[in-house]
Amino acid sequence: MNGGHDVILDVQHLTMRFGGLVAVNDLSFEARRGEITAIIGPNGAGKTTVFNCITGFYQPTEGMLELAHADRKKFLLERMPDFKITARARVARTFQNIRLFAGMTALENLLVAQHNRLMKASGFTFLGLAGWPGFRSAERESIDRARYWLDRVGLLARADDPAGALAYGQQRRLEIARAMCAEPVLLCLDEPAAGLNPREALELNKFLLAIRAETSTSILLIEHHMRVVMEISDHIVVLDYGQKIAEGPPAQIRGDARVIAAYLGVETEEVA
Amino acid sequence: MDYFLQQLINGVTLGSIYALVAIGYTMVYGIIGMINFAHGDIFMVGSFLALIAFLALTAIGVTAVPLALFLVLVIAMLLTALYGWAVERIAYRPLRGSFRLAPLISAIGMSIFLQNYVQIAQGARVKSLPPLVPGAHILMDDGKFVVQLTNIQIVIIVTTVALMLVFSWLVSRTRFGRDMRACEQDLKMASLVGVNTDLTISLTFVIGAALAAVAGVMYLLYYGAIDFYVGFVAGVKAFTAAVLGGIGSLPGAMLGGLMIGLIETFWSAYFSVEYKDVAAFSILILVLIFMPTGILGRPEVEKV
Amino acid sequence: MTANENREANPRTARLDVGGALKDAAVAAAIAFGLFSLMLGLLTSAGPAGKLVVTTRFGLLAAMIAVVFIGRFLVALVARRRGASVPGPLLTPQVRQGLSRLERLVAPAFLLFALLVPVLFYSNRYLLDLGILVLTYIMLGWGLNIVVGLAGLLDLGYVAFYAVGAYSYALLAKNFGFSFWLCLPLAGVLASFWGILLGFPVLRLRGDYLAIVTLAFGEIIRLVIVNWQDLTGGPNGVSGIPRPSFFGIPFNNEPDGFAAVFHLEFSATHRVVFLYYLILALALITCAVTIRLRQLPIGRAWEALREDEIACRALGINTTNTKLTAFATGAMFAGFAGSFFATRQGFISPESFVFMESALVLAIVVLGGMGSQLGVVIAAVVMVGGFELFRNFEQFRMLVFGAAMTGIMVWRPRGLIATRTPSIFLDQKKDIPADIVEEARQ
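Chains as they are written, first to last, in the working numbering: chain A, 1 to 272; chain H, 1001 to 1304; chain R, 2001 to 2442.
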């Protein structure tokens, strides 16, 4: 089934019902380790719902979401609360409508992402209050990590500016940098290219490909921007009305009649 | 059994008064997502205005009780509605869209202001009136305990039911009701499609205040005594009622009011009178913890 | 465009729009007539037979309407003249930078002044007491600041923890004879324990609901105190609480008393001065701890929580624990303040722990602005000091207080110090204006 590839996220028979409305219906797919998997589909197809199930903001009505670390450790995400999914299973996400801490600086945003690590180092605050040197070095390390990611997204010069004052494209990049500071094994990006101009979309592509190449983080992404999807994805899952209608590599999806039909011809040029 | 029946009657009466005030809370919360902390004091102002109006009418020679009461009701409703409008205009409208705490603090300030305004204007002493609607109907009398339904209780319950019907009609059938429901759903969108949101919000406050005034009149007639502090406790209880019934839901406010009235009456009758306020506060906490959407409220799905 | 530029660009608006202002004033006067007609125009009072009678006060009514008319007229004149209903930003960026430099001087100046108050006003017992009162509220404000200002949790029942602290101290000191220095931490622990107990069930509630529940808790605690006579003495309170001693040396006129030991002439002021420095120390500890916590991960998590809880959870933060910690820490400081209050007064009763106190402390925090330490100081001085100044106008001061609360909120919803200082920076610490800071994003 996985052809020898290592599966990081195994979604089986995921169903999400809100009262009478079925948002996601019996969805199964796999995301492989070290790959970029994209979930696409017309608006209302249930993509963000899937994300919310994976990251614990919704509790799935039915189904299993199994996350496997490289060391074989497994987590059943459908049973875990949202913050534990990030803290233990190491799944981080970004949001469709950017959710940065607008009144905090870019640096502070990235430090918040390293909260759990720093809390432990500060002895749950008590050692930190007492001036424990172990905390100081952990803090320095965290600042370095933040500095590294700020540099990667080209925002090092804006480190001390409030996140709310940054331009839209910069905010999007900062949100991804913040998610990376949480040291995830699976990075879930909800429409990271939304609102980006072609140049910025290209840079995003380069950035995500770099993450794939240089880190051990796998990426799961929801996107409408076909250029981004087709250029960087290793594997695409297509949803429509909450159900999977196609799955496969970009070349295959590009020509799939069902996919084109679902998008009703709007995307034909973009897909090419 | 008779004792129980009497408490039932008393509870429904008290509940009607709470329901009228609860509507004001629930409407305002539904439309602008704000708890109108000063609403209980609007209720208090209403009862004071009724008192003063009544005394003035009697002084100028209007002694026929039904006529006087009718006039008092109208005057109290009109003037209290004006107070409700003024409070919204001065303390809340400038803060619409500001961060959450600002209107709350502003409301607390208004609450303190209104209490002291009345206290200074009319004195701190309890003001009382002799019973104006005397008479009762004996329902059951077995020699040990008499179950009676007093005329004033009939007046209260009938008036409340009538107003509820009028109000329900208002919300579901009229243009204003539709506008109000639109604003509750999505304020910005409503204004974009042409609803005069400022006017709708003002009217919401006005109607809520008018209903609170009716409750104030009823309270005055039922208990015969008011002071400038009645707004605070009655306000919390009415708010509890609104939350219990489901904040944002009008039938919920009525149901909640009734329930709180019954609970309070039965608690005082069968347990202890001193801790009855604690009972009300505790119910509030329990409801908010275990059933924050209330009985008839719509559960909210968080969109991430 | 600033207001000045606007006026220069449109010279027409520089004229006085008297007609328009008169119209506004007339409308306002009509509304005032409606509002005041019964409430002010008539007075109900006990008549000769004990029944209520009504008398007219048309003079007062006319005067109040006139006041409204004139006031509205003047305001309308100014508003119409500016040409804009929203005045331009009061503070340009240059002014702001200058102010924040000034701010750095203000805080040490305040501290110096506070340290010297007993020296400057040694003979003025009234002012010393006022100082103690203001410092107590400053400490409470700093404590509540952690809950409301940093973590963004709407707590309307803070006075409950103050009461727990005070009563714990009173009962422990009276019944077990523990010294102040033992009771103080115990009271803090007890208060914080209550904070966790109360916080646990309610912290998943949203904004306004949390506010109401905390209000209800505060009232329940007060009602329990009032009614549980056996434990708390009910409405009579607890009296005869042991007064503080100078680390074991009592403040009396005996040979082993403070005055004798330090070869000073006995004066009752000694104890007052000691109390003053004690509350100053407690308050400063509160401030120092808060500043330090802001730089630690927990403080940063609090501020992030205030902005966007969902984003926090998405970053792996257990927001329930974060909220509980804020609640418990705030409660602890209130507990300390309560202990101090009990020993300073020697007597406590439920009267001191009414909702009004919670509202006052909350107003101080919100008026101060955005979790700012200095803001709390200024707000406390203004509100508590102002309140005391109007002592002679007993009746009116609450009225003015309520109006001021509303007025200040409408004028400056973000508070006086409407900037946030980042707790860490790489290169340069830049103050963040309040309008960028989000609150409780849903």
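No lab work stands behind these hints: they were computed from the structure.
Keep in mind that this is a model prediction, so the values were computed, not measured.
Worth double-checking, as some hints may not be accurate.
Said to hold, decoys possible - Per label pair, the in silico range of CB-to-CB distance:
(1) H/V1273 to R/R2243: 23 to 33 angstroms
(2) H/I1154 to R/P2048: 32 to 42 angstroms
(3) A/K74 to H/K1188: 38 to 48 angstroms
Built from N, CA and C at the ideal position, the CB exists for glycine as well.
**Asked** Do the Cβ positions of A/K74 and H/K1188 conform to the proposed distance bound of 38 to 48 angstroms?
**Response** Between A/K74 and H/K1188, where Cβ atoms are some 45 angstroms apart, the hint holds.
Practice prompt. Using the beta carbons of H/V1273 and R/R2243, state whether their distance is inside 23 to 33 angstroms or not.
Written response: This hint is violated: roughly 38 angstroms between Cβ atoms.
Next item on the list: Can you let me know if the beta-carbon spacing of H/I1154 and R/P2048 is within 32 to 42 angstroms?
Entry: The hint (32 to 42 angstroms, Cβ to Cβ) holds, given that H/I1154 and R/P2048 are roughly 34 angstroms apart.
The structure is inconsistent with hint 1 alone, although it conforms to all the rest.
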